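Number of protein chains: 2
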Amino acid sequence: MIEDQQLILSTEDYSLLTDLYQLTMAACYVGEGLEDKPASFELFVRHFPDKFGYLIAMGLAQALDYLEKLHFTNQQLEALQNTGIFAHAPAKFWSLLESGRFTGDVWAVSEGTAIFANEPLLRVEAPLWQAQLVETYLLNTINYQTLIATKAARMRDVAGKDAILLEFGTRRAFSPQGSLWAARAALAGGLDSTSNVLAALKLGRKPSGTMAHSLVMAIGAIEGSEDDAFSAFHRYFPTAPLLIDTYDTIAAAERLAEKVKAGKMEVTGVRLDSGDLAELSKKVRSLLPDITIFASGDLDEWEIVRLKEAGACIDGYGLGTKLVTGSPVNGVYKIVEIDGIPTMKQSSKKATYPGRKQIFRCQENSQILSDRLGLAQETANSNEQPLLELVMQQGKPVNPPETIETIQKRTQASVASLPPETRRLNDPIPVPVNISNALESLRLSWIANH
Amino acid sequence: MIEDQQLILSTEDYSLLTDLYQLTMAACYVGEGLEDKPASFELFVRHFPDKFGYLIAMGLAQALDYLEKLHFTNQQLEALQNTGIFAHAPAKFWSLLESGRFTGDVWAVSEGTAIFANEPLLRVEAPLWQAQLVETYLLNTINYQTLIATKAARMRDVAGKDAILLEFGTRRAFSPQGSLWAARAALAGGLDSTSNVLAALKLGRKPSGTMAHSLVMAIGAIEGSEDDAFSAFHRYFPTAPLLIDTYDTIAAAERLAEKVKAGKMEVTGVRLDSGDLAELSKKVRSLLPDITIFASGDLDEWEIVRLKEAGACIDGYGLGTKLVTGSPVNGVYKIVEIDGIPTMKQSSKKATYPGRKQIFRCQENSQILSDRLGLAQETANSNEQPLLELVMQQGKPVNPPETIETIQKRTQASVASLPPETRRLNDPIPVPVNISNALESLRLSWIANH
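Chains as they are written, first to last, in my numbering: chain G, 17 to 466; chain L, 17 to 466.
Just so you know, not all the hints are guaranteed correct.
Each pair may be met inside one copy or between any two copies, as identical chains are not told apart.
DSS-like, lysine-lysine: derived pairs with alpha carbons at most 25 Å apart [to be verified]:
id: 1; residue 1: K324; residue 2: K222
id: 2; residue 1: K67; residue 2: K338
id: 3; residue 1: K67; residue 2: K412
id: 4; residue 1: K275; residue 2: K53
id: 5; residue 1: K275; residue 2: K298
id: 6; residue 1: K338; residue 2: K108
id: 7; residue 1: K280; residue 2: K53
id: 8; residue 1: K177; residue 2: K277
id: 9; residue 1: K108; residue 2: K324
id: 10; residue 1: K108; residue 2: K222
id: 11; residue 1: K67; residue 2: K275
If you're looking for bench data, these hints aren't it; they were derived computationally from the structure.
If you're wondering where the values come from, they're calculated on a predicted model, not measured in any experiment.
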């Protein structure tokens, strides 16, 4: 039974996690005898989120996992038939779905790679109906994880390599699964750990966290004071940071400092979640010079810069709402070749480049100089590296999944390879993306012929 | 085995879908012998997203489903133990989790109800460890669905009751599950249907959609022209709208109009996805006066108003990116009473009201005049209606889940009951929320005693 008002999502469901038109178009392709024509689609981002100079590609692992497992159950086909929408669809459509798997090739840039506008993160080469059908899911996973990885990379970049960056966004993430994917992309983008227990355990990491105001309020109400709450929590979690801003931050810090001086308590860290974080952190540092000071509360890369400029004494940042929500990465997935014929779109402001493409990155001394967007069949110059690699062949992944650590290192190297004007927060300038002569010729000849 | 790099989410996993500190605090409560103290937590929103005059409460169904099913497996407990984080936790913590279920009561406003800042959408009354543990998941589901339902209600409000509003956000939603929840909340908030096949089928609805540029490009490239693509799609889906902006919108409309006049084709609708939608829609209407015109492309409530003011001839709107992403609803979940003692927080800008509360809504002729935020034990005046109802008792739902249709009707009535200045997009003024004398006295006496 498909119907389920609670919207519980299982792996089996993923084949139906698509826009209706992907299925109606597939039926149309079958009817026209075009379903198996070799097609190539590319996934790219036309316009970046405001003030983003680069994007960090992320989400490929989940995309490949989806492609590998894609299939339809009889129950799903029945549910589709019962909608009545496919009354005029050819019978062969159903047998195609019934036995259908994803049998195509995928070329993609590695997760953790910096990319720029109009550069394909991924290309699917598959029978037309398959390449079309997978659009919605691929965009969903890559758009979101790329957004979060990029934000995480930006936060790491401004916070510096020694800052402790914690992912605290689960309560604000857009759905439970959204919180898992956010945690993965945040870690791969440069954060140190996540408070999300499930995400951490699934990724083989140790979850992290401090304590909440409610503990101070609950134990304080029953046992008498904020200090009783601190002592209680410290008893079971002696290395966990204490949250000291429930009532009077500085008063709490002063009392802790006295206990530390008197040798009554070993405090390793505190968290500040409200008030003037820069000023409070300086006072807390003077009272408790040897502890780790964490700050949280609607922080993002801009606020980290502001705090650092204000001389805040903050060692670690809890990053939540502004990391895991906000304006999206608006990736699109467009057909670039069908049956050997390059295609492009001419709609105003939404025109695309025709043909299967490759990104040739020109790098010197680990610094990106420029990119060249060319055709897939072009060869790289001696100082260039092609970024799109074959990651899935005939429906099977070419390599085993990478670890988060590997991807995190790649992200770090990617960001370090960018020019300062691309990394800066204010008015960043993207790395120049030159269009190859061959690609420009193809585009012009396409226009001349249409 | 918990570890799973693909982050597949199953219902079993939900107990670990929480911030680490919920579990460490639970262990601390056990150690202090406080785990079963009766506690009350309330979920509310301090500050609304920019320019929102009201919120439509949503996500309760998924919250209750989570509470009802909550339990820990041995495998999960083992994974937690293996982190080493709980080395000093009392042994009883593990037996508590092992046998633990949610056994508390929940009071909540019905889904589809308009609420204002600081009004509790939900109150959990349960043993302290349980009430604390569920915070993260409850916030996750209610924050997101409330955001989407509110946006959907705003879009419906400005588009008018006759407009066709379609949810097209899956490719931009934050994770696959995020897209399902977005579809649910959007329908319950006032949209007509969703393109998300899985969401539609799970909710017992018919999915909707048109066609994509890729079909025009693929069939056009092989069979020769845009018109061939239209004819092909029309053959199998004679009532589906045609997407006419791949090359030249007006030229495509003119050719379709000729076919319609000549009786060669029955066109029921078209979609415009780029260009000047107001101008194009007027021209298309003059060419094809009897068809349904859909528009899409980064539309939101502001853009709908702009299009209507520009005299656009648009019957239906495809709503995606700006419906399902963006700044979040920042709901919080705060302890308000422990062991019969009211609690509150005094941090700067983050102070809370103490005690278990009720919203008393004063309404006349189906119009909201004002709300009174009082204590739960206060009685309603004759012209007031209490909004928080008992929805879960001792861990069991009081009523079966509501249908989307029921919730959608409630949303519609809620929005209709708001004053015009609360509904408007520019500088909306929320309905006045008065603090009852009893609540204010409690707050003052709490402050006096601390």
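Consistency of the hints with the structure:
1. K324 - K222: neither (28 Å within a copy, 53 Å between copies)
2. K67 - K338: Result: close both inside a copy and across copies, 15 Å intra and 18 Å inter.
3. K67 - K412: Result: close neither inside a copy nor across copies, 37 Å intra and 48 Å inter.
4. K275 - K53: Cα proximity of K275 and K53: none, with 75 Å in one copy and 29 Å across.
5. K275 - K298: within (19 Å within a copy, 75 Å between copies)
6. K338 - K108: Cα proximity of K338 and K108: none, with 48 Å in one copy and 37 Å across.
7. K280 - K53: For K280 and K53, the Cα distance exceeds 25 Å both inside one copy (75 Å) and across copies (29 Å).
8. K177 - K277: Intra 31 Å, inter 68 Å, cutoff 25 Å: neither.
9. K108 - K324: neither (63 Å within a copy, 44 Å between copies)
10. K108 - K222: between (50 Å within a copy, 22 Å between copies)
11. K67 - K275: The answer is neither: 46 Å in one copy and 47 Å across copies each exceed 25 Å.
Of the numbered hints listed earlier, those contradicted by the structure are 1, 3, 4, 6, 7, 8, 9 and 11.
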